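Colleague: Everything in the sequence shown is counted per my numbering, starting at 230 for the first residue and increasing by one.
Where hints are given, some of them may not hold.
[Said to hold, decoys possible] Quick list of simulated restraints, FRET-style, between CB atoms:
hint, residue 1, residue 2, range
1, Asn-235, Gly-368, 20 to 28 Å
2, His-431, Gln-308, 32 to 40 Å
3, Gly-301, Arg-336, 37 to 45 Å
Hints were generated in silico from the structure; no laboratory data involved.
Remember, predicted model here, so these are calculated numbers, not experimental data.
Every residue, glycine too, gets a C-beta built ideally from N, C-alpha and C.
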Amino acid sequence: METKTNDAEEQVLALLCGNDDPWTWGGDVHQCRVSFESNGTGALNCGENQRSWIAVEFNWSFSTEPVRADTGTWTIAIQIILTTRLTSEYHKYNHWFEGAALQDHLRNPPPPSEAPFPWAPLHSAAFCPKQYTLTLSRGHFIEPFHHFIKPPYPILQSGSERFAPNRFSCQLVFDKSPYPPREEWAESFGNGDLRRSLEYHHYWERTDFVRGSIAKKDETWADTLDLGWWLSPSTGDGHSRGK
Numbered sequence: 230m231e232t233k234t235n236d237a238e239e240q241v242l243a244l245l246c247g248n249d250d251p252w253t254w255g256g257d258v259h260q261c262r263v264s265f266e267s268n269g270t271g272a273l274n275c276g277e278n279q280r281s282w283i284a285v286e287f288n289w290s291f292s293t294e295p296v297r298a299d300t301g302t303w304t305i306a307i308q309i310i311l312t313t314r315l316t317s318e319y320h321k322y323n324h325w326f327e328g329a330a331l332q333d334h335l336r337n338p339p340p341p342s343e344a345p346f347p348w349a350p351l352h353s354a355a356f357c358p359k360q361y362t363l364t365l366s367r368g369h370f371i372e373p374f375h376h377f378i379k380p381p382y383p384i385l386q387s388g389s390e391r392f393a394p395n396r397f398s399c400q401l402v403f404d405k406s407p408y409p410p411r412e413e414w415a416e417s418f419g420n421g422d423l424r425r426s427l428e429y430h431h432y433w434e435r436t437d438f439v440r441g442s443i444a445k446k447d448e449t450w451a452d453t454l455d456l457g458w459w460l461s462p463s464t465g466d467g468h469s470r471g472k
């Protein structure tokens, strides 16, 4: 039986949305995250080591009807428009607004023509509408951050270099990163810190996000004994750049 458009969208929304468990690239709480709400809004965060570079809301909408590839996978075409409004998690604690100034910002966020901003060091082009194709899947997926810092042949490593990756039950893959390409970043922000962060992290290459953390005790034997991880000769970009 063919799924009706509204039914398909409802099923996708149930998997895609919810700020309580945002889609994460991994790492600490200030790392890269994206969340979608069923009312057509969302939040995009980007940062490292207790520092947030981007913390803005966005508007999004379906471009076409979601397509169900199989029982555990959906393909979704959407449009995202970044706003200049600060994300809700920073309403209470931030370096830029408080009290009446915060309320004024939320009611009347600045136009993109005034970019860059301290909470979004981006050029105005970053706030233009952009089209994305997403693949939403259920299964067991390794945290992207752990792929990024992976050493070659983890089973032969010692100390902190020898680790079992975190796994998650849902994965969201963008056809291109939700983070703007490098030319849309205002690299002069942060006294050189932003430029150094961009050089190491290449945020514009991050396309994979996960959520639904799987506890180690709930992993399958296939996860625990995953030779594709333990015996893999590949080296994560972060591990290579950190040398």
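Colleague: Name the hints, by number, that the structure is in violation of.
Modeller: Number 2 - this is the single hint that the structure violates.
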